[in-house]
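Chains as they are written, first to last, in my numbering: chain W, 4 to 320; chain C, 4 to 320; chain S, 4 to 320; chain P, 4 to 320.
Among these hints, one or two may not hold up.
Which copy is meant is left open, so a pair is good if it fits within one copy or across any two.
Said to hold, decoys possible - Cut-off 27 angstroms, straight-line C-alpha distance, at most; resulting in silico cross-link-like pairs (BS3-like, lysine-lysine):
{"id": "1", "residue 1": "Lys-318", "residue 2": "Lys-113"}
{"id": "2", "residue 1": "Lys-62", "residue 2": "Lys-318"}
{"id": "3", "residue 1": "Lys-118", "residue 2": "Lys-318"}
{"id": "4", "residue 1": "Lys-219", "residue 2": "Lys-55"}
In case anyone wonders, no lab produced these hints; they're calculated from the structure.
There are 4 protein chains.
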Amino acid sequence: MEDSFGHIFKITDWGDTHGPYMEGRVEGCPAGIYVDLSFVRSELARRASDGKGFATGRKEPDRVEFLTGLDEAGCTSGAPIVFRIANADVVVSSNRQVMRPSHASFTYFKKYGYKDQELCGRASARQTVCRVVAGAIAKLALQPIGVEFSSEVVSMAAPRCEGDSVGAVVRGHIRNLPAGLGEPVYDKFSARLAYAMLSINAAKGFEIGLGYEAAKMCGSTYNDMQRSDYSFVTNHDGGVQGGITNGEEVFFTVAFKPIPSVRFPQQSITFDGVPAVLEGSGRNDLCVAPRVLPVVEAMAAITTLDFILLADSQKMC
Amino acid sequence: MEDSFGHIFKITDWGDTHGPYMEGRVEGCPAGIYVDLSFVRSELARRASDGKGFATGRKEPDRVEFLTGLDEAGCTSGAPIVFRIANADVVVSSNRQVMRPSHASFTYFKKYGYKDQELCGRASARQTVCRVVAGAIAKLALQPIGVEFSSEVVSMAAPRCEGDSVGAVVRGHIRNLPAGLGEPVYDKFSARLAYAMLSINAAKGFEIGLGYEAAKMCGSTYNDMQRSDYSFVTNHDGGVQGGITNGEEVFFTVAFKPIPSVRFPQQSITFDGVPAVLEGSGRNDLCVAPRVLPVVEAMAAITTLDFILLADSQKMC
Amino acid sequence: MEDSFGHIFKITDWGDTHGPYMEGRVEGCPAGIYVDLSFVRSELARRASDGKGFATGRKEPDRVEFLTGLDEAGCTSGAPIVFRIANADVVVSSNRQVMRPSHASFTYFKKYGYKDQELCGRASARQTVCRVVAGAIAKLALQPIGVEFSSEVVSMAAPRCEGDSVGAVVRGHIRNLPAGLGEPVYDKFSARLAYAMLSINAAKGFEIGLGYEAAKMCGSTYNDMQRSDYSFVTNHDGGVQGGITNGEEVFFTVAFKPIPSVRFPQQSITFDGVPAVLEGSGRNDLCVAPRVLPVVEAMAAITTLDFILLADSQKMC
Amino acid sequence: MEDSFGHIFKITDWGDTHGPYMEGRVEGCPAGIYVDLSFVRSELARRASDGKGFATGRKEPDRVEFLTGLDEAGCTSGAPIVFRIANADVVVSSNRQVMRPSHASFTYFKKYGYKDQELCGRASARQTVCRVVAGAIAKLALQPIGVEFSSEVVSMAAPRCEGDSVGAVVRGHIRNLPAGLGEPVYDKFSARLAYAMLSINAAKGFEIGLGYEAAKMCGSTYNDMQRSDYSFVTNHDGGVQGGITNGEEVFFTVAFKPIPSVRFPQQSITFDGVPAVLEGSGRNDLCVAPRVLPVVEAMAAITTLDFILLADSQKMC
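The shape of chain W in the complex, shown without the other chains:
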């Protein structure tokens, strides 16, 4: 109940950034989808660090291994799919008793009673490797009906000094989506998409269509008019009206805060409240972008496939 995503096409995962593996499970994937490993690898490569610029010095090959759920031909069997990716470059940090500011250190301590930075490994962006694999499977399942996903970095903050982390805004696109997806009240397509995006580490904001810009507008200029062939003159709504897709492109943005870790010392406290200095390291990204792009697309693909299968379950076929 508490920590999966999806009604029918559902992802669950586990594993710690400091442990041997990240492991994920996808339930509800239709049978007969060919899981093109070169595509899965290329998605993982988009997420991987090149060790340069804003990216972490931690470099991992991210080789995915499917433990169950694929048949001999490499197609989904209809059974749950379980996969894992080894954590190749694990280093235990030196000052585990110092809390990382604006990170999960304090909240994990309050929720679970942990007093050890190493036990916050589930909060690491390393977890998103599982999202990317599940998202790649969802993209492959959606390919035959032509649904396409893309994303780009819209803006990135300028670092105040060398080694400082920065925030960013990312935009995502879903094209060739069938009209009629989404439930009318609580499970609106836009609501589930917001849920999916805000579940990504460091996400702090979400917009669909014009978003906050729409809040400054009047109905007379905002409303998306339709022609006699049902085509839309504008797409201010970002492809979702009344919570349901209208067949136009779905576009949305996600705001990410700066990554809590920086590459210089920060003043903090230990889990016991003693003032302490947190040393910086080169083991963290300084910005979620651009590595977060395949993660954003993955969550969009998971959300979309889930709604398509839900729609299938709503008719006798």
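Chains C, S and P: place on chain W using the hints.
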């Protein structure tokens, strides 16, 4: 599965703005909560139209009637709670074949096959009356532990002409929330809150803490530092770190687009694609604010109580 | 979460045998199913008492009213369906403080704190009227693909004296069921069917196929052999192997205990533990059979349709 | 959704009897439960084969390895628990194209399209090793409040010849269970218990309390009378009334059919419908009992703990 909200404290509702009643059901409410009817009524009154300004001319007393789930003393019995509110002032619109631009008309047609504006009644903001009742119950359940909800209009667009609809941004606050609420990966407190807010009619954006402003910042100035007594120097994160509450105030904004209906004619098409003019009426609000404020608080309260009960289910007590 | 049945085609209901209505809600019903009211009424008539023999003297017309979810042509719209049936013949019992032996009186008291027999109204078999309506809808949805349900009374205990209640065994049949329904581990077709049947008031046992008889047999005589055309020589398994339907007839039995209420005085205690005599009345059935037959079939139909829609959600269609 | 068990304390698992590992995941386990490995091992040992009598010649040490979810002290951390057990003694069968009568061969073929006996590995009773581990955790969580589980073989069929498989009936007991567990309508304690038991391989029947015997009785002799101190004179209902526990011992039986595999040749067909002989082997049990006893107890413990946590979620604590 498809159109309820909440894992444990769960709301489901039905009824059409053109029908006799809106009816709602709350599952999972702890027993023994005194449902103070004067409080429920006052919440409904905050949502009701005064027939003036931006608000609809449709005025309804919104008297809530509890059908089951309360005992003779007016306390929750532990069984599901079902309630209804009569639709007092129903008028059938004249041109039911003309689609309302940027409304659910077209998407309901694509999803359900409807060709009748009257059948889009679930997309009416009238539905939110049920959210307010469920939210009032959640607030009453949370009162003894001191959790407080408030909200205000942050900005509202200026109408281009008399009778035009406008967008708005609303800010919500949750105070005295226990630390440790939220799940670490997908069911982050912030993710469920975004989901709750985007499920509200006309919502197009969501931010927690500094939101999009955070995306422009550096870690060195953004990070919320803690003192030796664990208190925070700043609260840029809006009370949620790593997806879990840290005990600070949770604050968030929701962006609402202008309401699709305006009070002057709009060019549109019929469900069959014939160009047609949609006449305006005085039966719709021109802005979701300020009537949406109790709805925003209700969804925040439902989300919060759900997480508190989920936390209770995570320990033997 | 806690008191509905079904993953996709889901029934929830509420209302008290002493209150004005029983009300039910069906989610996840595919759109376009014509809800033939004469069929629904005939199913309700099978459940209704004729006031004679083992049946209650309480006679009710059981007229179902659909509040939402059907379009003007009487077909399911794809939205949740809500219906209600008025309680026509309500009489408040005289000794509400005396617990009914082997009934829900004591367990409701322990769970909810009630000390009033009138507050156990959810435990009344009156609740099953909602199951019958939902089951009728499921049967109608399954009619085009030819799935058929029937049931009969296999045995009934002989009353020890006039006015005593008796137990019974009922057998159910599902014919023309597609092969391949059911999940391989926990959500076996047989497991969900057992769950459905044991949720019926007074149910104490369940068998699929040969059931307890199978436990006395050897594999060499029990195993269902198949011919070259895949047809089965025997059907000892009752149409379910490895938890999944094999296309043969599913047959099962349900054991019901005697109804707690009898028509003569029983020695009992009050909610406060004071010895008291519970007077008998003519307001209760003496045996769940034969009125339970449409209820058994309804739960079988709900279970079956749920699995068919789940199977639809497992393929792209 | 489709193949887990439990609302709050939830088990999911995967892995194939022919693969390297069986792996399981438990969500919703409260934090701070000490997972006594010697107890887990002793439960696994009860399930393991000694290679003699009715038991398979396949012998496995069943060493459980916890991958995540336990802290350094061996206590549950509140995060999901993932564990695995290596498959030590794997032999690929020789005639993979011959279907095993009354087994999952044909139904997996119809559901998934498989034409290979090796791909039915999820249907193997090997899967129950995961249930035993999860059940051991549930038992340890319930130990402090005194809930106890036991079970015994009630009857076992006599083999017709040496090497024939046989059915059996098992009885389970849950003692010191709090009163008030279970939901009043669909999620009755008895209904969930039936669901749990019928999900076990080869299960074909379930009874609670007197079960089928109750169906032969009259209310006057069946009803469980209570004394002034609320104690019960009899316990025909098996501790559940109106679907809710009454604090008396819960007892139930489960009927198991003979295991499909026998140790001599059986006439069958291939997946393509060609008549073929299935050779027997010594690699299968001939009776689920007595190895199934810890599995029955495990499912009872999982069901019980789930209801206790659900009850916790129904109050503010």
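### Query
Is it within a copy, between copies, both, or neither that the alpha carbon of Lys-219 lies no farther than 27 angstroms from that of Lys-55?
between (40 angstroms within a copy, 21 angstroms between copies)
### Query
Given a CA cutoff of 27 angstroms, do Lys-318 and Lys-113 count as a within-copy pair, a between-copy pair, both, or neither?
between (45 angstroms within a copy, 14 angstroms between copies)
### Task
Tell me, please, which holds for Lys-62 and Lys-318 at an alpha-carbon limit of 27 angstroms: within, between, both or neither?
Result: close neither inside a copy nor across copies, 47 angstroms intra and 38 angstroms inter.
### Message
Checking an output row: Lys-118 and Lys-318, CA cutoff 27 angstroms. Within, between, both or neither?
### Response
Only across copies: Lys-118 and Lys-318 sit 19 angstroms apart there, 51 angstroms inside one copy, limit 27 angstroms.
Violated hint for the displayed structure: number 2, the only one.
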